[in-house]
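Taken in sequence, the protein lines are chains A and B. If you number the first sequence the way full-length UniProt numbering does, the last residue is 398 and the count never jumps. If you number the second sequence the way full-length UniProt numbering does, the last residue is 81 and the count never jumps.
No lab work stands behind these hints: they were computed from the structure. Mixed in with the good hints there might be a few duds.
Only pairs whose alpha carbons sit at most 27 Å apart, straight line, appear in this in silico DSSO-like list of lysine-lysine [said to hold, decoys possible]:
| hint | chain 1 | residue 1 | chain 2 | residue 2 |
| --- | --- | --- | --- | --- |
| 1 | B | Lys2 | A | Lys145 |
| 2 | A | Lys145 | B | Lys41 |
| 3 | B | Lys74 | A | Lys313 |
| 4 | A | Lys145 | B | Lys74 |
| 5 | A | Lys6 | A | Lys18 |
| 6 | A | Lys6 | B | Lys2 |
| 7 | B | Lys74 | B | Lys41 |
| 8 | A | Lys18 | B | Lys74 |
| 9 | B | Lys41 | A | Lys164 |
| 10 | A | Lys343 | A | Lys31 |
| 11 | A | Lys31 | A | Lys18 |
| 12 | A | Lys18 | A | Lys313 |
| 13 | A | Lys164 | A | Lys145 |
| 14 | B | Lys2 | A | Lys31 |
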Amino acid sequence: MNLLDKFRPLQETRNQLKALGADPFNVVVEKILSPTEAIVNGHRVILAGTNNYLGLTFHPECIEAAVRALREEGCGTTGSRMANGNYADHQALEREFAEFYGLPYGVVFSAGYLANLALLSTLPGADDVILIDADCHASIYDGCKMSAAEVIRFRHNDVADLDKRLRRLKDRARRALVVVEGIYSMFGDRAPLREIVEVKDRYGAFLMVDEAHSLGVLGEQGRGLVEAEGVIERTDFIVGTFSKSLGAIGGYCVSPHQALDTLRYAARPYIFTASSSPAQIASTRVALHLLRDGRELRRRLWDNAERFYDGLKALGCTLGPQLSPVVPVILSEDRGDSLALWKALLERGVYVNLVMPPATPDHRCLLRCSMSAAHTPAQIDRLLDTFAQVFAAHGLTA
Amino acid sequence: MKTYQQVLEELLQTLRTLVPQATEIDEDTELVGSLGLDSMKVMNLLQEVEDHFDVSIPLNVLPDVRTVGDLARKIHQQLQD
């Protein structure tokens, strides 16, 4: 075996996908037309797998702010926040995120992925413990790998299992960081957050909530599950991304603890990467304002999610456990059948995500769909018609 | 306090229940290779084993756990801590 031999099985799988004329992991958007439409393989498709929950990627005020920043401040910062990339707008956005949550401290990162790496690799040290929900995102697992702390996994959304594992830690529970997500990215279900807060408080542990898929989606002001469950002040670290509801790229963390502000001098994923471009920060500042005042956008998003979820249910599809803008159609373990369905949907003008084991939580393939406030009722009906046609044509049950 | 041999015997019994298709399991059986489990299945199986022994095995130690014997040693160590 030489250095490169381990990639052979992966390359063979890639070649098989190419031979089938369908590569779900390398779809090229030839032209993006709007938050909900694009040209793929020369055809117009409805985008129903892009996490553009509030549809802000084309909002004229976001674009105008980005263009202005691009003209006035240039294409990039060319350096890290610690060196030469710490612009006034980066700091303004940090203040705005902190104010949004009513918390004293906020830090922005160049990506949501980096926010999780920074927090998890830096906060818990060698004698500490991280307890993660089993279905946490890969960025959380990767952050844990970079941490010197002990990492323990608890059963997905199982408060009793978390309680048991904190109990086993005895006095060390006070050195533990519990990590959960507001809405889980694959099945769209929510963490039982109030119960989790009760448990972590009882043991004196700390709590980090990743609101990547719930920012802008849950809560009166769109602050996520922490707002919807009334536990903002009882949560130690709230992280999220600009790349979903805010329609840009970047990440953030807010906290009541001053340690978050100090962390920026110790977190390698903050120190050793270029800061976000002025255009990204400028569009995010406007998007955050729109998100906060976005009750109408959230109403449209949830109406769309309900229309799509109920429609798929009526078709007999097996869906995620809770109504959510993340709508997974759960299939069998057969990768070939699942790929055929995904390909047929795309050929008929519907783009969704195909997710296969081991990336799925329960070893089954799924067609992961996501709704946007920007989808029209007519588009959703067309999505449902296409699902019905494709399932019927392939003689497959969902 | 359980001895390593007692932990191993209990672990073998638990694994035989959890992986019924694997008829031959002993101390040298490889969890991924011989039992045909992928890394996610090993982590899920681990939860059942953890419940049986009332311990939490950190994910950090999994790269060192190749065989049933390796897992028994980690559990034995956890029980002693």
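A quick look at each hint next to the structure:
| no. | hint | result |
| --- | --- | --- |
| 1 | B:Lys2 <-> A:Lys145 | violated (31 Å) |
| 2 | A:Lys145 <-> B:Lys41 | holds (19 Å) |
| 3 | B:Lys74 <-> A:Lys313 | violated (45 Å) |
| 4 | A:Lys145 <-> B:Lys74 | holds (19 Å) |
| 5 | A:Lys6 <-> A:Lys18 | holds (20 Å) |
| 6 | A:Lys6 <-> B:Lys2 | violated (40 Å) |
| 7 | B:Lys74 <-> B:Lys41 | holds (18 Å) |
| 8 | A:Lys18 <-> B:Lys74 | violated (43 Å) |
| 9 | B:Lys41 <-> A:Lys164 | holds (22 Å) |
| 10 | A:Lys343 <-> A:Lys31 | holds (19 Å) |
| 11 | A:Lys31 <-> A:Lys18 | holds (22 Å) |
| 12 | A:Lys18 <-> A:Lys313 | violated (32 Å) |
| 13 | A:Lys164 <-> A:Lys145 | holds (23 Å) |
| 14 | B:Lys2 <-> A:Lys31 | violated (65 Å) |
Hints 1, 3, 6, 8, 12 and 14 from the list above are not met by this structure, while the remaining hints are.
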